[in-house]
Amino acid sequence: MNKATAYQQVQAARSANKISIQELIDGLTEDFFELHGDRQRDDDPAVIAGLATIESRPITIVGIQKGQDIAANQARHFGCATPSGYRKALRVMRQAEQLHQPVLALINTPGAYPGVEAEYQGQGRAIADCLLAGQKLKVPFLSIIVGEGGSGGALALACGDQVWMFANSTYSVLSPEGYATILWKDSQRAAEAAEQMRLTPKELLADGMIERIVPEVTTAADCGELKGAVAATLKMLAAQPVATLIKARQARYRKF
Amino acid sequence: MPQRKFQAPTEYQLAARKDQIPDELLTRCPVCQQDCYTQDLTELMICPNCDYGFRLPAWQRIRQLTTTFEELDAVVTVPERFADTAYREKIKRAKATTGLNESVVTGLATLTGQSFGLGVMDAHFMMGSLGSATGEKITRLFETCTAKRLPVVMVTASGGARMQEGAAALMQMAKISSAVVQHRDAGLLYVTILTDPTTGGVTASFAMQGDVVLSEPHALIGFAGRRVIEQTIQQTPPADFQRAETLLENGWLDQIVTRPQLRLTLARLLKLTSGGPSHE
Ligand SMILES: [Zn+2]
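If you read the protein sequences in the order shown, they are chains A and B.
For what it's worth, our numbering labels the leading residue of the first sequence as 1, then goes sequentially.
For what it's worth, our numbering labels the leading residue of the second sequence as 1, then goes sequentially.
Since the hints were derived computationally from the structure, they do not count as laboratory data.
Hints are supplied without guarantee of correctness; some may be wrong.
What the hints assert, rightly or not - Listed next, the stretches of chain A that the computed footprint assigns to chain B, with coverage defined by at least 3 CB atoms under 8 Å from CB atoms of chain B:
1. 37-49
2. 150-164
3. 171-183
Stated by the list, open to error - Heads up, incomplete: computed chain B residues facing chain A, CB under 10 Å, no partners named:
4. Ala-96
5. Met-173
6. Lys-175
To be verified - Far from chain A, some chain B residues (derived; all Cβ distances over 12 Å):
7. Leu-26
8. Leu-41
9. Asn-49
10. Ala-147
11. Glu-165
12. Gln-209
13. Val-213
14. Gln-255
15. Pro-260
16. Leu-264
Virtual Cβ for every residue (Gly too), placed ideally from N, Cα, C.
Please model the entire structure based on the sequences and the hints provided.
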C-alpha cells in the first residue's frame, strides 16, 4: 500500500469490502446493546449507537455506518447522517457523561445527508451542537475514522481527545470529485484533486491532524490488536482528572 | 474596400470608458427581481421593494452597527504553508478588491455605551470562506471576550469551509466551537446575525451556535448546497427552502430583523441580558 496513489486510497476507503461498523463493534466489544432514536421524533439508521463493554469496562459507542448491501445502504442513505442521526449521537454522548463512561466514535461517512428535509430539520444546527458537545464532553472521547471521513458530517463525531484513522481511510473537507468540480469544473479530475488535498492518513499524521494510523482490520476476528489499543488509550484518558482532560482536548483543537 | 465606420474599442478603452460612467443606475434585486435605482438602496444597501439586504463590505456593516470600533488582529493572514500558486493568487486578488487581509474583520465595539466583541464576515473576500486565519481571528475574538467578560456578536456571510486549505479549514469549525464553549461556560452572551449567504461549515458551526440567532430578510441560510441536493434527490428543491423565512418557521431562528432595525435591535438585546454571574 506504500506506493498507493491518493485516489487509490480514496477508493479503498470507499470499498464495499470495508468492515462494517456493526462488525467492528462486534470485534471490539464483549456485549453491545443498541440504543435507538433521537427522543425527539425519529431514528436514523445511518447512526448506530449503544452501550457495550471493552475489556469489561462500560463504554458508549456511536458510529456512522453505510450498509453492506444495496437495501441497507439505501436505508442508511449511503452513510450520510440526517439531523436526527446527529441528535441521536448527541443524546448518547450526554448519557455517557451522566454515566461517567468513555465515548468511542466509529466513523464511515461521505458527509452529512444533503436533502430538503434535512435542511428543514436543521442539519447545520445538529452538527454545530455535536461540535459544542464534543468540546466540553466530561468523559474520555476517542474518534476513529474507519473509511470515509467526509467534511463536517464526519467532524461532528471526530472531536475526540485523540483521532485515529484506519490505514485505508480518508479525511477531507469535501470529496475529491467535489473539489475538482468546484476548482476546475471537471469531476473527472478527482484523482488529481486527491493528490492535492492531503487526505490520506499518512499526510494527515504528518500534518498533526491525527494521533495514530490503525492497521486495516477486515473481520471481527481481526480486531484483537485494535481492541487492546482502544482499551489502553481509554484507560489512560480516564486516569486524568476531568478538568485536565477537557483542557487538553480544547488545546488539541486550539493548535489548528 | 469600404471604410469601417465603427472601430471596435479595445478592452483597455472599454475599461477606461466604464470608469467614466457613474455607478450602474439600476440594480436588480436577486430576491424579488425588481430593478431599483441604485441611489434608492442608500448606505444601508437594501431593496426598497422587498427589504432584501445586499451583501455588504465588512466595514460598511461595522459602521452601521457600532458607535466605536477598535480592530483586533488586522494583520492576521493566510499562513505561508498554504503555498499553492493558484490559491495564493486568489488571496492576492481578494485582498486587492476588498482591502482586507481575511474574510472576517474582528474587534471590540461599543454601541449606545455597551461594549461587545464583534466579528463581521465579508462575502466579497473569497465568498467569505472559513480558512485558518479566519478561524484564528474568530477564536481570538472569543478568547479576548471571555477574558474581558464581554458578549460576542458575529455577523456571518460565508460559502463555508475554504477547501483550498483542506483539513485545516475543517478544523477551524472545531477550534471556534471550542472557544464558543469556553465563552458560554463563562456565562456570556453570544449573538449571531446570519446574512446572505450563510452556508456549509459556517452554518454547521459558529453561525448556529448563538444563544440568540437573528437573520436579515430573505437571507440564504443552509448547510448543503442546492446543486448537491438536486443531484442527490433528483428533484428541484422549493425556491424558498433555505430562505430565512423558512428557517424562522421551522424554529431555527429567533427573529428576522430588517437592516434599518438591526442597530437598535442589537442595542436592545445587549440591554436585555445580564452577561454572566460576575458581571459588574
Ligand atoms: Zn427585492
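Hints, verified against the model:
{"no.": "1", "hint": "37-49", "in the structure": "violated (count 0)"}
{"no.": "2", "hint": "150-164", "in the structure": "holds (count 5)"}
{"no.": "3", "hint": "171-183", "in the structure": "holds (count 8)"}
{"no.": "4", "hint": "Ala-96", "in the structure": "violated, 21 Å"}
{"no.": "5", "hint": "Met-173", "in the structure": "holds, 6 Å"}
{"no.": "6", "hint": "Lys-175", "in the structure": "holds, 5 Å"}
{"no.": "7", "hint": "Leu-26", "in the structure": "holds, 31 Å"}
{"no.": "8", "hint": "Leu-41", "in the structure": "holds, 29 Å"}
{"no.": "9", "hint": "Asn-49", "in the structure": "holds, 26 Å"}
{"no.": "10", "hint": "Ala-147", "in the structure": "holds, 14 Å"}
{"no.": "11", "hint": "Glu-165", "in the structure": "violated, 8 Å"}
{"no.": "12", "hint": "Gln-209", "in the structure": "violated, 5 Å"}
{"no.": "13", "hint": "Val-213", "in the structure": "violated, 9 Å"}
{"no.": "14", "hint": "Gln-255", "in the structure": "holds, 16 Å"}
{"no.": "15", "hint": "Pro-260", "in the structure": "holds, 27 Å"}
{"no.": "16", "hint": "Leu-264", "in the structure": "holds, 27 Å"}
Checked against the numbered hints listed earlier, the structure breaks hints 1, 4, 11, 12, 13; every other hint is satisfied.
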